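**Student:** So you can see what is in the structure, the chains are spelled out below.
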Amino acid sequence: MKGRSLAIYSWLAFGYAFFYVPIVLLVVNSFNASRIGSHWGGFSLHWYQQLLDDPQILAAAWLSLRVAFISACGATLIGGCAGLALGRFGVFRGRMALTGMVAAPLVMPEIITGLSLLLLFVALKSLTGWPESRGFTTITIAHITFCMSYVAVVVQARVATLDFSLEEAAMDLGGRPFRVLLDITLPGIAPALLSGWLLSFTLSLDDLVISSFVSGPGANTLPMLIFSKVKLGVTPDINALASIIIAVVTAGVVIAGVLMLRAERKRVAQRP
Amino acid sequence: MPSGVPVIRTEGLCKSFAGQPAVNGVSFGVEAAEVFVILGGSGCGKTTLLRMLAGFETPDAGAIYLDGVDITHMPPYERPVNMMFQSYALFPHMSVADNVAYGLRKEGVPRAELRARIKEMLELVQLSGFDARKPDQLSGGQRQRVALARALVKRPRVLLLDEPLAALDKKLREQTQFELMNLQDRLGTSFVVVTHDQEEAMTLASRIAVMDKGRFLQVASPQEIYEYPCSRFVAEFVGTANIFGGHVSGVSDQVVSLTADSIASPLLGALHSGVAAGDQAWLAVRPEKIQLGKEAPEAQAGRCVLTGVVQDLAYYGGRSVYRVRLDGGHTVLVSAQNRLRSPTRKLEWDESVYLFWEAQAGVVLTQ
Amino acid sequence: MNSLRRSAALAGFRLVIAGIPILWLGLFFLAPFLLVFRTSFADPVIAQPPFTPLFDAAGGIHATLDNYTLLLNDSLFLSSYLGSVRIAAISTLLCLIAGYPMAYAIARSPQPWRTLLLLLVILPFWSSFLLRIYAWMGLLGTHGVINSLLLDLGLIQRPLALMYNDAAVYLGIVYTYLPFMVLPLYAVLEKHEIALREAALDLGARPLRVFTDITLPLSMPGVVAGSMLVFIPAIGEFVIPALLGGLDTRMIGRALFDEFFINRDWPLAAAVATVLLLVIVLPLMVFQRGQARAHP
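Each protein sequence line maps, in turn, to chains A, B and C. Mind the numbering: the first sequence is residues 1 to 272 in my numbering, read in order. Mind the numbering: the second sequence is residues 273 to 639 in my numbering, read in order. Mind the numbering: the third sequence is residues 640 to 935 in my numbering, read in order.
Okay, chain A solo, but in the shape it has when bound (with noise of 0.2 Å):
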């Protein structure tokens, strides 16, 4: 029985450590001023100093930061309207369309999502003469579009634990429909529309392969420009960059995890 329990433990341990620690030798070779990774050459923060003086990383990375936060902000009404639909309405005309259209992108290839937005952004063009070169805009719609369905699925399982009778009770104290979902549905799903926001935001942030269909010459998000860069093997400026970004992952979710832990402690408290 111990020596089970150990076994299973020391396997578990071990699984972490398959997680953490290519990633933490990723950030302490950031610091290293030796351009090859495995020899110590001192602490060093020149690759920082390289990436901020990079104005092609910096540009690129500005354009990821807008095109995530745009694309959160779309995904999360859209697809928060969808969740709320599927969650909510019942049965209603389009619904077997809904249900299958958030779902089809959770499942399908990034590779095709992007080759099919693509071939219709192209044909828009030839079309009505939109858009007119691709690049921002064109890589946010397909954003919005692939990012929705992750925020439909988390609202529509948090409106599924929603009592339907506090909306009911709204509307019978004289609450129009628009008004209830202002006043009571919308604070009530606010927890999973918040992830759903931060999701987005990463998944966006994240993505290189439709990114890399969608958009035109010139238009590089961080992805896109780490991925030409990687692919002919390390750089240790990119190491920089990673360890930045890892930083702040981090540091949001352990934020993230500090409030709604300190909130729920709170709750539980104040309970008679």
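Think of the hints as simulated: they come from the structure by calculation, not from any bench. None of these values were measured; they are calculated from a predicted model. All C-beta atoms, glycine included, are put in the ideal place defined by N, C-alpha and C. All clues given are correct.
Label-pair restraints from in silico Cβ distances:
1) A/216 x C/684: 18 to 24 Å
2) A/262 x C/648: 37 to 43 Å
3) B/395 x C/662: 48 to 54 Å
4) C/755 x B/460: 55 to 61 Å
5) A/54 x C/755: 36 to 42 Å
6) B/460 x C/662: 47 to 53 Å
7) C/662 x A/54: 39 to 45 Å
8) C/844 x A/255: 42 to 48 Å
9) C/651 x A/252: 37 to 43 Å
10) A/198 x C/651: 28 to 34 Å
11) C/788 x A/96: 52 to 58 Å
12) C/902 x A/34: 37 to 43 Å
13) A/6 x B/292: 56 to 62 Å
Here are the simulated lysine to aspartate or glutamate pairs, EDC-like style, with alpha carbons at most 20 Å apart:
14) A/231 x C/897
15) B/442 x B/471
16) B/566 x B/599
17) A/266 x B/408
18) B/561 x B/499
19) B/561 x B/508
20) A/229 x C/897
21) B/566 x B/630
22) B/561 x B/496
23) A/231 x C/887
24) B/566 x B/584
25) B/378 x B/403
26) C/830 x C/852
27) B/406 x A/264
28) B/442 x B/469
29) B/618 x B/584
30) B/561 x B/630
31) A/231 x C/805
32) A/231 x A/54
33) B/618 x B/567
34) B/406 x A/163
Which chain A residues stay away from chain C? Per the calculated CB distances, all over 12 Å, these:
35) 33
36) 43
37) 44
38) 46
39) 55
40) 66
Dock chains B and C against chain A, hints included.
**Tutor:** This is chains B and C only, laid out in the frame that chain A set:
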């Protein structure tokens, strides 16, 4: 009190879900200041009926009138009817005061008046000083009172209550029952209450409607429902009843005698509805209306006497319930008050006993 | 819940809420997908866009099956499809082997630890997928950490070829998708584990029998769900084979990408995509049917 003019009235309400009728032709009227209780088991259609009154369900057929105006297709947010939900449905992210204020804000009530009405209402439900609390900082009874205040503050013509006491524990339920009646008395609002709990129905109602399979079986005062049920279903659903099936052997002087299979002597009951000799009928007798003794009772006109053996007895403190097996094989429940602390003539298991009731204690039913 | 349909305001409200996503997905998901299908029947031309229109100037329909014939007769594509399925299947199995004990251990941990352990599984998912693959390049490369370490220890004389082969691709996929295996497994194990385990032990089963009689059968839904979550995206994977795979690592995502960006044969790429979709839909349908049988 009842003025004779219904505040809310329905005509032949019908509603089906996926072809299954939930409410099947229900018509009734509720008068001003009346407490109308719809009593039924789960799935009888009572909640659907209430939701139609609130406007959450649209009837397939029939109409609803409020003060004579057809409101059948009026959306819930326009109806001057409010509902107290079984789960209370308090908005978890709003304080007590904001919960109560919600309906008034949607009406656009001016601020000063709004504050005054909230204060008054919270006083009425004894929650002054709880304004800033959130619903999850309240006890079950307090939550129930917030829900009540929130619905009543809009001064609805009719208040709908869905199982208003079901979420409370037994002790609290009794206390709240009286508070609810007091409040209703002071405000004079008509209440329509839905419940599955017959005790709750009995204490709250000015009239009870017993509902089964989407229909009203009997609408009457609590006393009438209990003493003069119109059918075996009602007799057994409200309270406990011993039911004997048989044929009418004679009708005389307000007393009906019934011959039941395997019971030698004729059973006696009061004439309630029109029956004639030879009809199939049932006799219902409440357990507390049957008397029990070791010696044969005096024979009297209109007294029905049977013999049996005590099969089982249960002591409840204030009363005891005996299960007596009649000589013919029937089992009869008898409930007796324990008047004396230590009766000298205690009944025991397997003891032979006489049981008897007066004819007016039994109800003759034809369905 | 659809009983308020006669109220105009509510109907309008619902129309807007459901209409927005339906319109968006119709335009940016369904329509593009139909375009892929259509394009797979076109001929490539040197023009913008580089394929023939479905309707020619005379109004006739121009469609060809050439792309599909080419696809089925080209060993590169066939081996890429098979390679994708094989690599995805093996990676899924590896994830299951690695992930099951992890999920089991987490499910049996005491409560405050359980949340933390779970969080640690989810955390990598939030950091960039591309950068996590890149992190492995720093470990596996010719001058990478592992090779340097082994050389320094004198265990090897020459750097090992750890990267640019199928094994590195397995590693990358397992690394990326392991959380997707652990989470559903954890969910089912946590639900049943403690009480049923104690009941079985109480009834006299030895611990190993408890595992094979109770834990394993009850965790099958998690095994299936986790496997689907790994297998489906792994089939269409592009980044991992592109960065960690060798020249002979055949995966269909990579073949499609190259066909599109290097050979610029859009119609053939569209045909590849259409067939790839079939490869993905088939196991999903089997999965769905299994689900439907499990929850009738």
